[in-house]
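Peer 1: Here's the letter readout for the chains.
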Amino acid sequence: MMLHPVLGVAGERRLLLGNEAVARGAIEGGVEVAASYPGTPASEILETLAEVAEEVGIYVEWSTNEMVAWEVAVGAAMCNKRSMASMKHIGVNWVIDPLMHSVLHGFNAGLLLVSCDDPSGHSSATEQDNRNLAYMAEIPILEPSDPQEAKDFTVEAIEISEELRVPVLLRLVTRVAHTRGDVVLGELRRESRKPEFHDDFYTKFVLKKGFAGPRVIPELHRILHEKLERAVKLAEKRKLNKVKGGGGELLIVSSGVAYSYVKEAIEDLGVEDKVTVLKVEMVHPFPAELLRELLRDHRRVLVLEEGEPYLEREVKLAAFDGKCTVEVHGKLSGKIGRVGELDPVEVRKAIAEMLGVEVEGEGPSIGELELRELTTPRVISFCPGCPHRAAFYALKKAINKVCKGKHLAIGDIGCYTMGMNPPLRVQQTVFCMGGSIGMACGAAHSGLDCPVIATAGDSTFFHACIPGLINAVYNKAKLLFHILDNEATAMTGFQPHPGTGKTAVGLEARKIKIEDVARACGAGFVEVVDPYDLKRCEEVFAKALRYEGVAVVITRRECAQLFLRKLRHKGLKPSLVVVDEELCKGCKVCINQFGCPAICWDQEKDKARVDPVLCIGCGVCIQVCPFNALKWGERR
Amino acid sequence: MKINIIVAGVGGQGNVTAAYLLGVAALEAGFNVRVADVYGLAQRGGAVVSHVRIGRVYSPLIGKREADVVVGLEPMEALRNAAKFVKREGVVLTNTYPIYPIEASVGEFQYPEIGKLLKAMKKLAKTVVAINAQRLANEAGLPIAANIAMLGALAALEVLPFTAQHMRSVVEKYIPRFKEENLKAFNLGFRACGEVLSHRDR
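Residue numbers (the working numbering), protein chains in the order written: chain A, -16 to 619; chain B, 630 to 831.
Bound-form chain B, shown alone (with noise of 0.2 Å):
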């Protein structure tokens, strides 16, 4: 067994965050897990990329076209690993919530609308699901839980070799601060992914 997941985001959105919490999740689960984060020079702005790999696995890094999901923190950051790293049959977990590269607000790049990014992500996996991660963690409470409400979509895919209750109860453990705004964060995520695949399957 062996299972592929990018996290990817922007710098400061918790992207190193979550898949620590994946990684730990996995372990105490009681599986080899090996975590690599991609990150540049800054502590923000920058793009930020994590491999997380769960079972069989010795390499930190995942191959391209070979994520079995692809978790995506920003929709344009969803894309680009998405065209890099998805596999056909995989799924695309995406916040919808944009987090504007300065070139765009220069207006040297055209921000494009985010029905556009989903559509081109779904010419590269089978399963694509969006969810605004960032209102969801403001209804929380916490505009910084985005991650966490993804880290709840994650959990509500079935992917994980691990239940949701598991993925919550590492969460719970390990975030020290503003426990309860996190684990609505989680909650809302993990409905929110509910919703989506209960109307693609009606």
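If we strip away everything but chain A, and leave its shape as in the complex, we get (with noise of 0.2 Å):
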């Protein structure tokens, strides 16, 4: 049996993925709570720490959504012990509200909030830099460069929040959360402290003086700007906030990722000595007095940063505040995009030009026109025997038949929303978790002339559907509520939730059923059907599109990926579909409405073929054949 990776012993050499780092600077900041929900870029934090929980004797829990996985790590913060939950940056959203609160009280214990951000939203709907909402809140920021910073910084955030009585982000990208990267590893703590209950806010305020009104709330704020100074020095005497180089009138600030661009350029651009570099690493508050320092031998700044022109705002009012007369590029200025993920070459480039060197260009590539007829983009869909696809396929039909394809369907995020692709297109919009009943409820009351339809996954649903599924049976509105339920979270990797029966670290756990909560919520229809049987799911979605009020209709059926790993597993292979091709007519109904990716089309004989490579055998395309050509097979 092998160690796990984040279990080597200290000064041990590691490949580490940025978020296997930052489970490993959580054992060695002594955080004995940590609570997630699952997202990309951030799942594998959690999903690391869970793998070791037992090992290292820590509590670690898949939370139902990040709102309350914030508030599990405050509630055990408050009981003394160092916690963290971690998340992708759209799941800050949901925890701005107790955030916003939990700034102003002050515990015993180290408290960590790690967001992952993901600019041009690899696997996201939204780009935005978290560092922002950091900045709403009023707390520090640490922002890692690469894999090692990142373990390293998580035990630097947990400290200093310690330290300050504050909360901390540490502020990951895609490009630190999911790259692997040589990692020395440090020294594990692992003492458990004794819980206790402390908040300054109970022995300060509730005692003294209240808990709300003006003679409490600005003292609060006072309280939080006095440990905002306190973080300035702190960075100073931990070292954080690094000056490199020196030379040249050209000063670069940069922090995370874009540090790692900036370095990389200078080596390759030979101009070492041409150029000084302030790396950032505890971005807010702004080391507003070290910067100003170096304004006085550097007229021209270059701000090279991931995200917003967040650090190009803070040095032109650093600059502005002391009187230094410079000239500030950027985002802001046009020099680098405003939008997307930055890239290397432009990084370079862009440096470049500021000193005036020469670049060599790209080497000749093939002509557009060429690449174009060459290749094509892949349209990402359902996998091969994804209960999903059989769902919609059958909820397409029914809508034909209830209301001639007339319908307005409002997705949500998950696999399910794979639904909005070609050739089933379901959903017409997506919004957030847990957006699309709210949204249907509206919608439904709108006076629109068709059906109204709100699609949402298992996960999905504990996380944020339930306020607002019990909302649409209070107000009385007429719509079908589809569960999509795969029994797992499947699309950030399979991780467990209250519908599974399974905690965090593979612990029985009570297992929550969707119906009984749906019931629970007053829906007046409710029905569960196995995907797979086509024919029985597209009379129970004409029958829940016929009803007057609330109909929920959950199609459950194990992820595809989750059974084939299993199977797998066991060593076995799973079943195949063939077509006979004397009964195949080409019809392609297969593969224009249907839409597997193991069924293909054989040019030169007219007719589907299935991909042995790909079928996992769920026989659903058996019951869509007309002409009975797909069959059972044997596999050699």
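Every clue listed holds true.
Not everything, but these chain B residues come out facing chain A in the computed CB check (under 8 Å):
(1) GLY675
(2) SER688
(3) PRO730
(4) LYS745
(5) LEU753
Hints are computed from structural coordinates only; laboratory data are not their basis.
C-beta atoms are modelled at their ideal positions from N, C-alpha and C, and glycine is treated no differently.
Can you join these two chains into the complex? Each is in its own frame, and there are hints to help.
Peer 2: The structure is reproduced here in structure tokens:
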């Protein structure tokens, strides 16, 4: 049995994912309680901690949503346990309410919020920069530039939080969270603290002045500002924020992954002696004094950062306050693209341009036209055997039958969102977690002349749909709420949730049934169907579409990937569907309407062909073929 | 020393695993490493690209036209990424077994003949090596091991800063299941690539 990569001994070098490095940092930093809700690119932090929780003796949980995860972390911190909640950037939107409160308290234990931002939205619906949210909450922000710093800064952040008695945000971006790099491990901390309630808010305010009102709130706010002033000094003491190189009149201000691009570009261009770099590690509160010192010898500043022009504004403010006359270039000046993820070449070009250094152009490529002829973007689709494809195929048939194909379907975030893509094209739009059922209620009351459908997944249901469902029932909406239950948080990597009956560390838990919750919320029509049974599914959907009220249909079957994974684990191979070429008429229903990636088109024979590498043998296509040309085959 | 390798394929082909194994091999050979995976929302079916960087490297990403090698687990992905990343004097190593995008089956896109794809790759890079890694994986008795066959082929190119034997031992150490089949796939890939190269040299 190999030792888990994050449990190596101090001094050892390991290839760790940025997120694994954060997990290691949490253990080194003495975190005893960690909570999260899955979301790319953050999931591996808690996944890793869950894998080693028993061995290290810490408590970890997948919470029902990010707000709850943060609340769990706060609750433990007020009981003297160093705590952490990690999530993707969008998850932090949920945390804002309890976060804005928790910054005004003061606990004996460090409390860390980890946000994995996703510039360019590789796996997200926004590319928000959460440094701006932490700025609003007025808490310190640390920004690591690579996996090594992801580990080191996690420890720093926990210690800083504890010393200042304020939560700290650790901001990662996709290229740190999802980059593997060589990481030298530090000492593991294994002592467990005595649980003990303490909150400065309670001792200094509740008992003396009350819990709200003008006698309390501005004073709490003032204390927060005092903590931020101390944070600047603490950053100096801990040698966060570094000045590198020297000479020349150009100053580069950079942080996070952008710094790794800067460092490499300076080496590549061989301009180490022509530029000074301020590497900002604690980006809030900004080291304004340090910058002003550097501005004495530098008249031109280039700011390179991932996300919004956050540092760039800070640089301008600090320069203005110091009456420094400098040129500041970056995203606001148009030197660097204002949206999307940074590119190492763009960074190198910007530095070269500022220094008047020539850079080699790219080599010749083939023409755009030729490339477009030979390649096509791959539209993402449901996996072969995905129960969601079957469910939507049946839903679409029911919609065609009951309302001549006219409908409005509002989606949530999850694998089922791919129902927007061809050939199924079920949902017209998609918003945030839990958004579909709330918006469907509004659409239903708009007087729209067709059935309104909300779609959600099982994990999403527990995350955010319950208030919306109660609202729709209470406010007498007529709609279909389709919950696609694949018994996992599939899109982010099959993490368990309350419907799976398993906890983050694999313990048995009470299985919470979506149908029970839906009935308890007052839905008058609640049905559970197996999506692989197309005929029954279609019947239930048809009934639900005609129902005068909130109809809940749960299509339930284990995620095909999970099924396949378990099968392979047992050393077994899946069943196989084959095409009977005698019977195939080439109607393409299996391709154009059902759209399983395992079924492709044989151009020479003008017939469908099943790719045995991709087919997982779900057999749903056998029900789809109007000519019985798809049938069970044998795997050799 | 700096080596940039792009590993490109389609979700489900083991792209991320191949890049991870390369990274581990480099780390265990004493080099600094960055491995960055770029994948979209899908577990399967979407395009996946991993950037593997070995040596004096800090950035997780490879810049445009700065890859020494593009390893394509699927030929269309090989071309797409070669056009973006490969250096003129670099190598494109591609699997010839296509995975058709839905658009090709639906009829909105005509998947090109493999010869056309290879011809375009040859315009981009000095060396193009094409092997049918899927056939080799099938021959090894494990159809999902095409990625490992491609790692074997990559090891035969002699561009890695460590030996093929070292790469092979990392595959053996870190692949938990179907070890025998995976090693066979690795060996078949190594041999197939060697044969292509010796034909070219003659």
